[in-house]
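Given chain A's structure and the hints, the job is docking chain B onto it.
Protein chains in written order, with the numbering used here: chain A, 1 to 110; chain B, 1001 to 1404.
These aren't lab readings, by the way, just hints derived from the structure by calculation. Everything numeric in this text was worked out from a predicted model, so none of it was measured. We put the CB at the ideal spot given by N, CA and C, even for glycine. Treat the hints with care, as some may be off.
[As the list claims (entries may be wrong)] Just a few of them, taken from the derived set where beta-carbon distance is under 8 Å, the chain B residues facing chain A: (1) 1150; (2) 1224; (3) 1225; (4) 1227; (5) 1269; (6) 1270; (7) 1273; (8) 1292; (9) 1294; (10) 1306; (11) 1313; (12) 1318; (13) 1319.
The lines below spell out each chain.
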Amino acid sequence: MLLQIRTEISEQRAVLFLEGVLDISTVDFLLTGVSGLAGVKEVDLDLAGVTFIDSTGIGGISKAVTKLRERQIYVKIINISADLFEIFDILGLPEIFGTEMFEKIRAGNS
Amino acid sequence: MTRTEETEILYQVCSLLLQAQADEQAFTEITCRLCSGLGASCCSLWLARSGGGRSQERLAIYQAVKDLPSELVNLDFTVAKQAIEQGQSLVWQKLRVGENQEMLLIASPLLRQAQVVGAVCLWFAPDTHAGNVTLMLVHQIIRNLAQGIYNYTYHSGVNGRSLSKELEMAAHIQTGLLPEKIPDIRGISLAMRSLMAHEVGGDYLDLFQTPNKLLGIAVGDVMGKGIPAALWMAMTRVALRTAARTFSQPDAVLEEVNRGLYPDLAGQSIFVTLQYALYEPVKKILFLANAGHLPPLIYHGRTGQFELLKVKGIYIGGLENYKFKLAGVQLKESDIVLFYSDGVTEAVNAEGQQFGLRKVVDVLEKNALFSAAEIADKLIIHLGQHIGDTRQRDDISFLLFKVE
Chain A
1 MLLQIRTEIS
11 EQRAVLFLEG
21 VLDISTVDFL
31 LTGVSGLAGV
41 KEVDLDLAGV
51 TFIDSTGIGG
61 ISKAVTKLRE
71 RQIYVKIINI
81 SADLFEIFDI
91 LGLPEIFGTE
101 MFEKIRAGNS
Chain B
1001 MTRTEETEIL
1011 YQVCSLLLQA
1021 QADEQAFTEI
1031 TCRLCSGLGA
1041 SCCSLWLARS
1051 GGGRSQERLA
1061 IYQAVKDLPS
1071 ELVNLDFTVA
1081 KQAIEQGQSL
1091 VWQKLRVGEN
1101 QEMLLIASPL
1111 LRQAQVVGAV
1121 CLWFAPDTHA
1131 GNVTLMLVHQ
1141 IIRNLAQGIY
1151 NYTYHSGVNG
1161 RSLSKELEMA
1171 AHIQTGLLPE
1181 KIPDIRGISL
1191 AMRSLMAHEV
1201 GGDYLDLFQT
1211 PNKLLGIAVG
1221 DVMGKGIPAA
1231 LWMAMTRVAL
1241 RTAARTFSQP
1251 DAVLEEVNRG
1261 LYPDLAGQSI
1271 FVTLQYALYE
1281 PVKKILFLAN
1291 AGHLPPLIYH
1301 GRTGQFELLK
1311 VKGIYIGGLE
1321 NYKFKLAGVQ
1331 LKESDIVLFY
1341 SDGVTEAVNA
1351 EGQQFGLRKV
1361 VDVLEKNALF
1371 SAAEIADKLI
1381 IHLGQHIGDT
1391 RQRDDISFLL
1401 FKVE
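So here's chain A without its partners, still in its complex pose:
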């Protein structure tokens, strides 16, 4: 299954709902989707529908956040599973980007 991204934009806030696999074969789609956002000041990356993520996918999220912040866009990662957040925590992502970037951590598997 590939990655599907549904984008909802209201006023100056965009929510990107990611569904499927985020790995080397799909990560460019995320980056293209993020770079195509125009006229927004806030972006939420909703990971509830992500069924598999590998290190390239995590690197892609990190890159997407960095690129959005360079454009002065406030980013949040929402609906992340507790298991995935634990991996992010081991890698140090909350320390790099700030714990406030993560919201609505879900119990259970990704």
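Frame of chain A; chain B shown alone:
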């Protein structure tokens, strides 16, 4: 056409290009998607051949509209020939096709580093709006197609065989980067095992004796897989071994590695997880610093308890001049320490179930009386039984020592 629709078309084409190396049917799919995405009546994709003069091969042609004039196929050939031989592009060109019909055409050579690798032709109904939005999107697609066609020719022909040979050599070199012999350290038995998922990989395992006679242990994992990961793994090894000769504390070593690799890693949005430990055999103390890697597992043989030695620290390439933490643990006789990559705990079977940390602990528990090498072999056997006939998705690497 909205930005989302444009992105969708680009994504679909790129995804199909990834498949194209193994499946030529993907080219037909690409032409079909281009027709539906851009509203074209017909699309063709051509490969440039350069043996004994220039020639061309049609990879695919798709007609989205029925009853197009039969002359279209020949005209398509002529237009593609001009694009490939003369590098000539046609943009919204009105052409007569057959006796009574006109069509609009966009035809372009596919250029990769100034070399023509193929051509694409898009035929539209004469009343199509000849807009710049479609044209810009076509230009983007052409760039991706050029790279995709180049990859296809590279991997499917003699170049593919050459690449295979180079991969074989790379695998040989990488195997040579593993410690040639396990250092003989008083009071412990040591073992390490590595099973690559591909010819080369991004897992890093290292063992060496430091200038002050301690045992240095390094375990790491580079983001991604294959050749790029293997290149970074080799660079990480050089950086760590160099730093370990200059600095004596694990946290200082990781700081030096991060200082050296950060500019290049951050520039390419790549990260490396890395753990560096020092074992002092006389006092049986393990010192550790961690850069985003999974915590080592310690199994206490005397009590049957296990713990994860968690030391926080961000991955290499995360922040410039980051200060890593140093932790230490007093080990006792019969303790087993396991350093591992995520390929161990995340190894999946046919049902998609992961091996998991619990099973790793079970193997250590049941085989705690054996030496490190025997425990390592048992763990490999259990992992193999778990994976079965399923394709191994990730590199599996681990290193363990037992205090005797």
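Violated constraints from the hint list, given by number and in increasing order | Those not satisfied are hints 1, 4, 10.
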